[in-house]
Each structure stands twice: as C-alpha cells, then as structure tokens.
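Required output: the full structure, derived from the provided sequences and hints.
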Amino acid sequence: MKKDIEIAQEATMKPIEDITNQLDLDYEDWEPYGRYKAKLSESLLHKLSDRKDGKVVLVTAINPTPAGEGKSTVTVGLGQAMNQLNKRTVIALREPSLGPTMGLKGGAAGGGYSQVLPMEDINLHFTGDIHAITSANNALSAFIDNHIHRGNELNIDPRKIGWKRVLDLNDRALREVVVGLGGPLKGVPREDGFNISVASEIMAILCLASDLEDLKNRLARIVFGYTYEDKPVTVQQLGMEGALTLLLKEAIKPNLVQTIENTPAIVHGGPFANIAHGCNSVMATTIASKLGEYVITEAGFGADLGAEKFLNIKTRAGDFTPDAVVIVATVRALKMHGGVPKEGLGEENVNALQEGMSNLKKHMETIESFGLPFVVAINRFPTDTEEELNFVEKWCEEQNVRVALTEVHAKGGTGGLDLARAVMDTVDKEARSFTYTYELEDPIDEKVRKIARTVYGAKDVEFSNQAKKQMKLYDQLGWGNLPICMAKTQYSLSDDPALLGRPSDFTITIREFSPSIGAGFIVALTGDVMTMPGLPKEPAALKMDVDASGKAKGLF
1 MKKDIEIAQE
11 ATMKPIEDIT
21 NQLDLDYEDW
31 EPYGRYKAKL
41 SESLLHKLSD
51 RKDGKVVLVT
61 AINPTPAGEG
71 KSTVTVGLGQ
81 AMNQLNKRTV
91 IALREPSLGP
101 TMGLKGGAAG
111 GGYSQVLPME
121 DINLHFTGDI
131 HAITSANNAL
141 SAFIDNHIHR
151 GNELNIDPRK
161 IGWKRVLDLN
171 DRALREVVVG
181 LGGPLKGVPR
191 EDGFNISVAS
201 EIMAILCLAS
211 DLEDLKNRLA
221 RIVFGYTYED
231 KPVTVQQLGM
241 EGALTLLLKE
251 AIKPNLVQTI
261 ENTPAIVHGG
271 PFANIAHGCN
281 SVMATTIASK
291 LGEYVITEAG
301 FGADLGAEKF
311 LNIKTRAGDF
321 TPDAVVIVAT
331 VRALKMHGGV
341 PKEGLGEENV
351 NALQEGMSNL
361 KKHMETIESF
371 GLPFVVAINR
381 FPTDTEEELN
391 FVEKWCEEQN
401 VRVALTEVHA
411 KGGTGGLDLA
421 RAVMDTVDKE
431 ARSFTYTYEL
441 EDPIDEKVRK
451 IARTVYGAKD
461 VEFSNQAKKQ
471 MKLYDQLGWG
481 NLPICMAKTQ
491 YSLSDDPALL
501 GRPSDFTITI
511 REFSPSIGAG
521 FIVALTGDVM
531 TMPGLPKEPA
541 ALKMDVDASG
551 KAKGLF
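Residue numbering for the sequence shown follows my numbering, beginning at 1 and increasing consecutively.
Be aware that a few hints might be false.
Listed below are the simulated DMTMM-like cross-link pairs for lysine to aspartate or glutamate, each with C-alpha atoms no more than 25 Å apart in a straight line [as the list claims (entries may be wrong)]: (1) 411 to 214; (2) 468 to 445; (3) 52 to 425; (4) 342 to 398; (5) 394 to 365; (6) 290 to 261; (7) 39 to 191; (8) 450 to 475; (9) 459 to 430; (10) 459 to 439; (11) 472 to 462; (12) 468 to 430; (13) 361 to 398; (14) 411 to 393; (15) 551 to 214; (16) 249 to 28; (17) 543 to 10; (18) 411 to 446.
Worth flagging that the hints you see were computed from the coordinates, not collected in a lab.
Keep in mind the model is a prediction, meaning the values are calculated, not measured.
Written out as structure tokens, the structure is:
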C-alpha cells in the first residue's frame, strides 16, 4: 500500500468554497485561507444558535502502543462512511503538534484513505493557530519578567511563578532553565522552564472558550504566580488580557478542511490528553453539531484520559451530551497488553490477545459508568490474522457488545460502513443516562479518588505533602469546585507506563497540583509525566525533506 503522504498528494481536493456550499454556508460565514482551507466566522455559532443539534459521537480507544492505534484514522473513516450512507456528517478533530509529528508518534491527520487534507499543511504550520498560542504564552512570560524588572508593583515572588514559556517541539533540554542572567540590564534572574505549546493553559482556554469575549475573560483569570504573601496574581492584575486576546483573535476561529472523500472536517485546537484535556475546541464541536446530522469527534489516547476529560470537563464547558461512544481497539495493542513486546506484535498470538482483552474490558466499563452506549471498533492492521480478528469479534459478542471490523485505512469510508451502521443503530435504539464521574461540589481529593477508582481501577490515591498543602490553599482561594484534569501516562491505566493490561491493587500518586483557573480546571500531576516531551533516538524528522518544487517528502 502507498504511504500516507503519497495517497494525500494524489487525492483530488475540492476548492474550499465547494465544501462551504455543502454546508450551506454564506460567504460572510467563512474566510478563505488559501485554496483548500478556511476560517469559520466567530459569529457563525450565534447565527446557528436556534438550529437543532446533531448527534455527537465520541471516538476513544484502549491504552495505545507508543506508535498510536489509528484513532484519528477511524474518526475520519467513520465520518466518510456516514456520508456514504447519506447522513450529513461533519468531522471534528484536534490540530497536530509539531512535537510528535517530528518526534515518534507522527501526525494527527488520519492515515491511508481516511485522512484530512491538505495533510502536509495540517501536520506542519496549518493556519498558525499553535504559533499564535505560543506567541501569546511567551508574551505573557515577557510581560511578567518586565513587570518584575520595572519595580514589581504587584510584589510578585520570582520563586513562585508557575507560568512557563512554551515551544511547539519536543526539547528536553529546555525543561529547566534560568532566565534574566547577565546583570541588571538583562532582567531579574530566576528559575524558569519550557512546556510544549499544546500543554499551555492558553491552548486549554482557546479550546474551552465559547467566543472571543469568553476567551478574554478566561485569559484575565489566569493565575501565573503568587506574591511574597502567597496571594495569587492574575493576568487581569497585569492588565494584559487585551493584548493576549488580540494575538489570538484569528486563532479562535475554527478551521474548515476536507477529507480524501471531501467530507467536511473542522480541525481546531490541540491539547494533549496526557498533560491537558485532550479535546478539540468547544466552538468546533458545537458548530459541527449545528451543521451536520452527526458529529464524529475524538479525544486523545485511551478512554482513561481523553474520553474521561471530554465527558467530565468539555461537556460541562460546552453544555452538551454525547449520544454514543466508539472504543477503538487493535489486535497489536491488545497483544502488548497481554505481554507481547513491541518487536513481537507482528506475530500471531491468540493467548496474549486473550490476556490483553482485560484492558478493553476496563475501558468498556468506564464508558458504561458515564451511562453512554458504545460500539467497539477493531481497527485492522496488515499483520492481523483472521484467527486473531475472529477472536476479538467473538469475545465482544460474548460480552453482548456491538463490534465492527474497520478497514478505513485501506478502503476509506467503504471500510467503515459496518461501523457506521452500528453507530447509527446504537444512537437510535440504545438508551443513555449521562452521569458525571464526580460532582463539582466534591472536595478536590474526593474528585481525584473517584476518577482513579472508577476510571483507572485504582485501589487508592496517595497525595504528596506538597499536594496536600495545595488542596488546602485552593479551597481557601475558592477553587475547590473546579473540575480535575489528570496528567498521567497514556500507556497504562495506572501512573506507571510499565503496568500494562488491567493492573490491580495499585495506588495513584499525586505529586502536585497546578491551577488552570482561566481554563477552569485543576491539573493533578501523577507519576513522572512530563509537560515537555523529549525526542526519540531516531526522530521522524530524519526522514522528512522537500524537493526542489516544494513538494513535501517523508511525512508518514
């Protein structure tokens, strides 16, 4: 089979105006961004406010292998299949970060014959949204250091600044740095560090804001540090929320593109699910639900991360409820959870597959805990054998679970027709009684315990002394009623990436909390999760190039 980039470059894209016509958009509803991309007007959501909402289908997965399991590919393929069945469907995805694109995991534009296009643009700079977030984040850092240098009227303690600079690349050398060296004219020396751009609170804010005014209000509420008296200091006190909003006024507009089969796709926002909330923007999902009968959207990594945050955080911010969930599973990931090392995943091993089904079982239970119906999608890989695929299908049937084999990577929407029919039938016939994992009024430690026990299957949660002090402080500051955003490894249900399958009798350790008051949640950092990833020994960037005509090469 051809490489993803070859398939993408050979595809016939329609002018973006044709895609807007499919959605019955007026010219003032969108702005062209070249021939094949558009920015949707911020006022479009208000214009469509009285229109009936479409059905929202969330695509999630089991705990993945390091290379990912094709969740975005299934999302795109399912949307294409729904359109083949004459259901007006809009896909809603996150924007890829350059970090994983040039590192290990690859891009997030789907794959094979289920891609969003133009793939090269989307996986690189796209419309510049992430760069705008990087600029706004680092502008705030500059404003903070300048304020301290110019007399520190707000009495900011340089030792208690939690706001880090960001870069949209994996660069472990920048995790801990010192700024302001070189004498009085160069600033006030202090410890600092870098996160990857998609871990910035500004990314989370952009994805949870309902409009430009809400964006500004959320930016104003950012707590970036504390005074010498331990009082929080906000962007509003600096008076910089207007400037930050100005830098983001184009980035907040959702991006409209198309799939290989010309299905409309809104690609907007890109927080990681292991260190942020892992969902595309509320504006993108809401607009998609107004434009289509169905919205097919995804949330990062497994149901223990992206789906949990989609359901406990994003639905609260967006005031909507999903109608069904798709849980993507692959034979190779299930075998890894059954004890097979990465290098042996291409060999048939039904015994290991049987052992690994416990991971899928836990994610099914998690979605059931939210009161939502679901379908299991087996995303087929070339190395899967018929015996292995039959085993997974039979296991699901024995569990009375809807299951569909998908071949959307190789066949596009046609390879997802069975999944599409199963999803539509599930939405139409199965009842839902959506329930949150926790109530906002629950104490912070209780919210964390409910997530750990219900979603991860943990025995208990252990809080460091620092985390205990922070919980007490946050309650005093009135932040105790915010949702919790868990920062945890994606590879395991636990906070130890080596514990695969369905571990039991384990404890989740919360080493510290971080307030994201503008975004509207509290981040709980577990284990050794990093907010600035590192590059692998042989990063994907080694294979990337461009020819003399400007044609990209080596992008998957």
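Hints, verified against the model:
Pair hint residue 411 plus residue 214 does not hold up; C-alpha atoms about 42 Å apart against a cutoff of 25 Å. A C-alpha spacing of about 9 Å is found between residue 468 and residue 445, which places the hinted pair at or below 25 Å, so the restraint holds. Among the hinted pairs, residue 52 with residue 425 is consistent with the structure: their alpha-carbon atoms are about 20 Å apart, no more than 25 Å. A distance of roughly 28 Å separates the Cα atoms of residue 342 and residue 398; the hinted pair therefore is violated under the 25 Å criterion.
For the hint linking residue 394 to residue 365, the alpha-carbon distance of about 18 Å falls within 25 Å, and the restraint holds. With a C-alpha separation of about 21 Å, the suggested pairing of residue 290 with residue 261 holds against the 25 Å cut-off. Distance hint between residue 39 and residue 191 is unfulfilled; the C-alpha atoms sit about 39 Å from each other, more than 25 Å. Distance check on the hinted pair: residue 450 and residue 475 sit about 18 Å apart at the alpha-carbon level, within 25 Å; holds.
Pair hint residue 459 plus residue 430 does not hold up; C-alpha atoms about 32 Å apart against a cutoff of 25 Å. In summary, the hint linking residue 459 to residue 439 is supported, as the alpha carbons are separated by about 20 Å, within the 25 Å threshold. For the hint pairing residue 472 with residue 462, the CA-to-CA distance comes to about 15 Å; that is within 25 Å, so the pair holds. Taking the CA atoms of residue 468 and residue 430, the gap is near 42 Å; set against the 25 Å cutoff, the hint is violated.
Taking the CA atoms of residue 361 and residue 398, the gap is about 12 Å. The hint holds against a cut of 25 Å. A hinted pair counts as satisfied when its Cα atoms are at most 25 Å apart, and residue 411 with residue 393 qualifies at roughly 20 Å. The suggested pairing of residue 551 with residue 214 is violated, with an alpha-carbon distance near 40 Å, which exceeds 25 Å. Restraint check for residue 249 and residue 28: the C-alpha separation of about 17 Å stays at or below 25 Å, so the hint holds.
Restraint check for residue 543 and residue 10: the C-alpha separation of about 20 Å stays at or below 25 Å, so the hint holds. Restraint check for residue 411 and residue 446: the C-alpha separation of about 46 Å exceeds 25 Å, so the hint is violated.
Hints 1, 4, 7, 9, 12, 15, 18 from the earlier list are contradicted by this structure; the remaining hints agree with it.
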